[in-house]
Amino acid sequence: MLVLDRVGKTYPNGVRALDGISLEVNLGEIVAVVGGSGCGKSTLLRAISGLDTPSQGRVVLDGDLITAPHEKIGIIFQEPRLLPWLTVAGNVGFGLEDRPKPERRERVAAGLERVGLSDKAKVWPRELSGGQAQRVAIARALVPRPEVLLLDEPFSALDAFTRTDLQDHLLTLWADAKPTLVMVTHDVEEAIVIADRILVMRPRPGRVYEEIVTDLPRPRDRQSAAFDFVKRRVMAALDRSLDRHVTTDEGRTTADEGAGNWW
Amino acid sequence: MTATAETATESAPPKQRSLRYLRPLLGFVVPVALAVFWEIAVRNGWSNGRLVPPPSVIFRTFLELAETGELERHALATLWRVAVGFALGVVAGTIVGAITGYSLMSHRLIDPTLQALRSIPSIAWVPLFILWFGIFEASKVILIAVGVFFPVYLGVMGAVLSVDRKIVEVGRAFRLSGFGMVRRILLPAVLPAYVLSLRAGLGLGWMFVVAAEFLGASEGLGFLLIDGQQLGKPAQIVAAIVAFAILGKATDALLAWGAAPFLRWEDRFARQ
Chain A
1 MLVLDRVGKT
11 YPNGVRALDG
21 ISLEVNLGEI
31 VAVVGGSGCG
41 KSTLLRAISG
51 LDTPSQGRVV
61 LDGDLITAPH
71 EKIGIIFQEP
81 RLLPWLTVAG
91 NVGFGLEDRP
101 KPERRERVAA
111 GLERVGLSDK
121 AKVWPRELSG
131 GQAQRVAIAR
141 ALVPRPEVLL
151 LDEPFSALDA
161 FTRTDLQDHL
171 LTLWADAKPT
181 LVMVTHDVEE
191 AIVIADRILV
201 MRPRPGRVYE
211 EIVTDLPRPR
221 DRQSAAFDFV
231 KRRVMAALDR
241 SLDRHVTTDE
251 GRTTADEGAG
261 NWW
Chain B
1 MTATAETATE
11 SAPPKQRSLR
21 YLRPLLGFVV
31 PVALAVFWEI
41 AVRNGWSNGR
51 LVPPPSVIFR
61 TFLELAETGE
71 LERHALATLW
81 RVAVGFALGV
91 VAGTIVGAIT
101 GYSLMSHRLI
111 DPTLQALRSI
121 PSIAWVPLFI
131 LWFGIFEASK
141 VILIAVGVFF
151 PVYLGVMGAV
161 LSVDRKIVEV
171 GRAFRLSGFG
181 MVRRILLPAV
191 LPAYVLSLRA
201 GLGLGWMFVV
211 AAEFLGASEG
221 LGFLLIDGQQ
231 LGKPAQIVAA
241 IVAFAILGKA
251 TDALLAWGAA
261 PFLRWEDRFA
271 RQ
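Protein chains in written order, with our numbering: chain A, 1 to 263; chain B, 1 to 272.
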């Protein structure tokens with residue numbers, strides 16, 4: 001289980017990016033984090049990954065305090081970030097360096113097969129399309145079989161068609177080993193398609209504002225009325241989180257200046 | 001000439017391929033024409049060709065030097081000096097460049113001094129090096145090493161400084177640190193710039209070997225130059241220059257060829 005205990009992050013310049021985030025994510029659960037820009041979504045993910053350390057509180061995975069990147073945690077960034085000097089197969093096998101060669105080869109082949117890029121194994125990253133490159137990045141993160149996979153707006157740089165395609169694909173891949181997924185996104189539909197639970201964050205400092213359980217049968221139909229209902233709930237929560245509506249928990253009546261561009 | 005080639009390709013597509021391969025030969029037109037003109041001029045007695053020997057004389061001198069083994073002896077002496085000086089300069093430049101690129105503190109500490117030293121014309125070191133290291137091989141090799149050092153140092157430092165933070169983060173996410181990070185992320189990332197700086201360093205090495213050999217050498221291609229000047233043998237000078245050109249080009253090509261397999265991944269404009 002992944003546990004966040006009152007995690008806070010204050011940058012050296014005094015900016016409080018995160019404040020008192022507590023969260024428990026069960027093994028195999030999918031959590032999406034949405035919220036306005038500057039609400040600390042990415043900071044939160046970086047704290048979980050161990051790439052950054054929180055300034056208050058702690059992140060614990062299965063009893064291990066996370067202070068540095070951990071072998072049970074994989075991360076996928078907004079950009080594929082493939083290593084250009086390795087072939088696609090070399091990139092996918094990057095995290096398996098310590099395994100014997102036959103095992104590595106076998107798992108790389110299986111990983112590529114799962115993302116549908118077996119024929120690209122020997123190709124250089126420069127020859128891939130954006131969607132293909134991101135699929136390679138997904139395979140690279142999944143091949144070491146992480147217990148927790150973190151995704152930082154993984155599909156936001158892709159066109160709409162590729163994006164929905166990869167969202168569905170991610171769920172198929174997730175079903176293989178059922179790792180815990182924590183995904184940061186600014187795409188509400190994406191969050192609802194993928195997540196069991198959606199955390200809506202509010203900025204300055206970043207806090208969890210509302211938690212919405214999607215509770216829809218999978219695979220999820222983006223056109224269904226139930227989907228639309230959840231979408232409206234999330235949108236409303238987002239609006240409230242940015243004080244965009246007349247009534248908020250703090251009773252403000254004026255719109256925030258950032259209301260027009262919450263993403 | 002281009003115009004006729006183009007009209008020919010348009011009317012006759014099958015010819016296009018052979019013409020394209022011939023195009024680089026256009027670069028030979030001017031030097032070959034000049035050489036032929038000078039050869040004719042000397043043969044017809046328009047000039048005696050004593051100070052500017054015609055190609056045939058240069059070629060004959062070159063062959064004579066090669067046959068007597070003189071050329072080999074001098075070329076090997078020069079090649080040896082360049083090789084040792086290059087190796088020293090590369091090792092020093094790589095180590096210091098990597099350190100100043102990696103650590104901000106050592107950058108602040110060392111880089112200003114090195115930049116100041118860099119602006120000294122390296123030939124200015126010669127008298128001092130002769131005092132320090134004598135007139136034999138040591139002073140020559142060290143002068144070459146100094147020449148090679150700076151481009152390699154600058155190249156390595158710049159390359160290390162400009163490694164993409166996002167790529168380094170991928171290494172961190174896979175729990176690489178220290179040696180693993182250097183071997184699997186930093187080294188491949190700096191390789192293209194490194195090869196370029198090695199080639200620049202090698203070019204300067206060839207420049208400095210001439211300067212070094214001008215200062216009292218008893219063998220080497222630079223010695224052939226001086227010898228030719230003092231004995232009034234311009235053909236020998238030009239033959240030595242030709243030898244320099246061939247060796248310089250050959251070593252550079254060797255370096256580029258040796259590095260090519262490691263750089264096939266590069267996403268370069270020129271490749272398209």
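No lab work stands behind these hints, which were simulated from the structure alone.
Because the structure is a prediction, the values reported are computed rather than measured.
Heads up, a few of these hints could be off.
[As the list claims (entries may be wrong)] Dumping the calculated DSS-like pairs for lysine-lysine here, alpha-carbon to alpha-carbon at most 25 Å:
id, chain 1, residue 1, chain 2, residue 2
1, B, Lys166, A, Lys122
2, A, Lys72, B, Lys166
3, A, Lys72, A, Lys178
[Stated by the list, open to error] Reference listing, derived: stretches of chain B covered by chain A, where coverage requires no fewer than 3 residues with Cβ under 8 Å from a Cβ of chain A:
id, segment
4, 165-174
5, 185-192
Quick reminder that beta carbons are idealized off the backbone N, C-alpha and C, glycines included.
Original post:
So which of those numbered hints doesn't the model satisfy?
Top reply: none
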